[in-house]
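Q: Chain A is already provided as a structure; the job is to place chain B on it using the hints.
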Amino acid sequence: MKYLILIYHNPDSRKIWNSFTDEQRAEGLHAYAVLNEQLAASGELIAAEALDEPSTAKHVTLDEGRTIATDGPFAEAKEHLAGFYLLDTETMDRAVEIAGQIPEAVLGMIEVRPILTYAGLEM
Amino acid sequence: MTDEVEALLRSLAPEVLAAIIRRQGDFDTSEDAVQEALVAGAAQWPRDGVPANPRGWLITVASRRQIELWRSEAARRRREESVSRAEGSPVASGTDKETFGPDADDTLSLFVLCCHPALTPTSQVALTLRAVGGLTTAEIARALLVPESTVAQRISRAKQRIRESGGRFLLPTRAERPARLAAVLHVLYLIFNEGYAASSGERLVRVELTAEAIRLARQLHAALPADGEAAGLLALMLLTDARRRARVSPAGDLIPLAEQDRGLWDRAAIAEGLALVTKALSDAPVGPYQLQAAIAAIHDQAPRAEDTDWREILGLYELLERVAPGPMVALNRIVAVAMVEGPRVALARLALAERDPALVDHHRLEAVRAHLLEMAGDTDAARDAYARAARRTLSIPERRFLENRAERLAGAKT
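Line by line, the protein sequences are chains A and B. Take 1 as the starting number for the first sequence in the working numbering and just add one per residue. Take 1001 as the starting number for the second sequence in the working numbering and just add one per residue.
So here's chain B without its partners, still in its complex pose:
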């Protein structure tokens, strides 16, 4: 019951917030008011039953709460300031419900506002989880492993910055659209990675961030069904998360892709991700999330590690490096080169690639070198590279993994 109520509340959060912002125009107090309405619903509904019109109930409670907020001293001060920024008011005067599109556009407007370019990525993440995801400050703090006060500061500061820079609750114009949408996709990707990376050896109770990221990506995809990258990101998340149960041992050790028990992979998630990315690639212009999803799909489709179509993966990485170059892409492409053309060719490519200043200090550089040297049978050099790689990562599970590899090679030699 409580889980159902929570899921219902969270799914209604963006719609209710959009409705309040449309009426009152003030993102800041609207967001606070909706958050309190959600908390009230979470307390009352499991006890008294879900109201006949849950959305209407939340809007009524939030509106009432917003009026109280305005009456409070803090809000009075905020309204005084607002006189000087009337131009930057989130909703232009005279607009009403009809000028905005259906709910899908509301959700998109909210995503875009939360990922405003004036905010840092960490603030965009916190605000998106709160305003679109409907998570409480305490839940976000637990998920991101920072104190509640830090999250509260980030959110209030983010709302203030949006206000100062005249952020509006509107769909982006055609010209703004690619950049604003890219920011939204990046934030969802960060949320997903935060959760996915944390699933190894994590001893603290955390909100399921990967599930939340997938839920939000679904909402975004529903709002933009024709956007290939929104579909690609959702597919990438599903195809990656499908391997979750196989990627960590019961002891909390990382298990590399080649050694995972593929029977533990989530077939339903793979099928869904595969269908999404296949459709996106055939209908929409190609983009980095679609390409990464396509690479994940090839891994997920191989019954055994040795069945992996590395030639196809290499082709996709070459394409990815052209549309979205970066150190991780360069390193992953070199690993694919090793699988197709052999480790010696890959080591030569690595020697060239590491002249790039972006790669010199990259923590994964030595790990890739170690892997290639091990493939090439150069045990001593591989062991040293694994040991160097272990020192460079700040992740305890990754360090343990790399140290184990180094030890294993030391054992193999004697």
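Chain A on its own, in the form it takes in the complex:
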């Protein structure tokens, strides 16, 4: 089964990160490197990326067939999507176990969402 792990940030988590010493930051980045390495090796990793700040995002609307991309303004969002893992694991429990190894899990900022499939058995 495929699962998407969503990693959120908010102003508080940003403050916590900024307050870290270099060693603490290196430790956090190292945890990610180890996790990515393990998931690649187990064949469970499909993709994992970190997203740029929401301030760099484009807002897209279709207006009379024309695509219009605008910078913000965005409502002061409390939380924003900061990164994701797309996994193919045996079970939801396994996906949750992996989510627990993501450093942000300490802050309770991780969400695991099952991916819908087009497969279906006889009803």
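The hints are simulated quantities; they were obtained by calculation from the structure and are not laboratory data. Do not take every clue at face value.
[Claimed, not checked] Capping the alpha-carbon separation at 25 Å, the derived lysine to aspartate or glutamate pairs in DMTMM-like fashion look like this:
1. A:2 / A:37
2. A:2 / B:1194
3. A:2 / B:1266
4. A:2 / B:1407
[To be verified] In silico contact screen, one side only, chain A against chain B (beta carbon under 10 Å); selected entries:
5. 16
6. 40
7. 46
8. 50
9. 51
10. 54
11. 90
12. 97
13. 99
14. 101
15. 117
16. 120
[Unchecked claim] Over the 10 Å line for every Cβ pair with chain B, so calculated as not near, a few chain A residues:
17. 1
18. 14
19. 17
20. 42
21. 106
22. 112
Since the structure is predicted, the reported quantities are computational estimates derived from the model, not experimental observations. For every residue, glycine included, the Cβ atom is placed at its ideal position computed from N, Cα and C.
A: Okay, now just chain B, sitting in the frame of chain A:
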């Protein structure tokens, strides 16, 4: 021409791989080398013609390629590591072709190695498709709907794990045999289901996984003609796949068994599956695949849905629940109870069964409840149960089916 070449290459894949492993003992580079020989054959044979001795051609090309692989840096590193694991070498020194049985044993040894207990089921599936099935990494990736890099990782990691745990290219001992064989059957069953489930509303081009699973099950059955479960699994696949064309509407909607156009069922596949399961049940000890095949056979033999012998099906499910209990079996048995003893009795059984923790969260529980409530004429409760069931499945076609049922009941009421 190309299809014939591909079929020939795939049928030779396990034999060629077995021959190379026997000579060199190294599963890892042998597998890579054979894969490249198959790719070379696929490129050259349609153009230049099939060689007089295709098997010999592939063995020669693969052997040459393996030597190149050993010379490459990656392989050098692997060989250095191999010094420390000499004990775990796949082939004991001094063995030669004669100590192994005929080709059927080779195929079986390969199946058993690919379904090594140190591997996860997803890795066993990938490795079996590659090493026994002769599919390329790209084809497996397309079939399993994951990126090629993910499949490549799974395969290389799987080979590494087999090496680390001292997996050998040998037939399992008598004591190991039931467990190892069960793993092989389970992997083939997973491959089949992956393909069968995907045939609904699938928009992506996929390798015919059901056909591949049936082909591999045929090879396994040929290697183990007296094994009732190997025959049972092949029969189950044939009897299930026979309904393929009838189970999905042109719009991609799932059609339940009772509403399928039975004229679309594949009679030849049904006849073959029926003969297999009948023989297995009379010759061999009974097992779960034989029982599931027998249930599929009863459905397939009924000219109309109302002719189905539900009493017989119920008896088989009761037997199946004793030899291989599980949530799906429990739910299917309750559906059979409804057909024999009526929906109220079945609902009472469901109320008892759902205390089992394995069933509480099962996505099919609400779908079965909805079906029973609908049979019992409890329209409001059935509609609610269908709606709950729709929310619980992750399958888009199943969700659409369940939502349609809920809507239909809403319409019936007003």
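Q: Now look at each hint and say whether the structure bears it out.
A: Cross-check of the supplied hints:
1. A:2 / A:37: holds (19 Å)
2. A:2 / B:1194: holds (14 Å)
3. A:2 / B:1266: violated (33 Å)
4. A:2 / B:1407: Distance of about 29 Å is beyond 25 Å: violated.
5. 16: The hint is violated - residue 16 of chain A has no Cβ within 10 Å of chain B, the shortest such distance being about 33 Å.
6. 40: Hint holds; residue 40 of chain A Cβ to chain B Cβ min 6 Å, cut 10 Å.
7. 46: holds (6 Å)
8. 50: Hint violated; residue 50 of chain A Cβ to chain B Cβ min 19 Å, cut 10 Å.
9. 51: violated (20 Å)
10. 54: With a minimum Cβ separation of about 27 Å from chain B (threshold 10 Å), the hint on residue 54 of chain A is violated.
11. 90: At about 6 Å, which falls below the 10 Å cut-off, the nearest Cβ of chain B leaves the hint on residue 90 of chain A intact, so it holds.
12. 97: violated (14 Å)
13. 99: Constraint on residue 99 of chain A not satisfied, violated at 17 Å.
14. 101: Violated - the Cβ of residue 101 of chain A stays beyond 10 Å from chain B, reaching only about 18 Å at its closest.
15. 117: Since the shortest Cβ distance to chain B is 5 Å, the answer is holds.
16. 120: With Cβ-Cβ at 3 Å, under 10 Å, it holds.
17. 1: violated (7 Å)
18. 14: The claim holds: residue 14 of chain A sits with its nearest Cβ about 32 Å from chain B, beyond 10 Å.
19. 17: holds (30 Å)
20. 42: violated (7 Å)
21. 106: holds (27 Å)
22. 112: holds (13 Å)
The structure is inconsistent with the numbered hints 3, 4, 5, 8, 9, 10, 12, 13, 14, 17, 20, although it conforms to all the rest.
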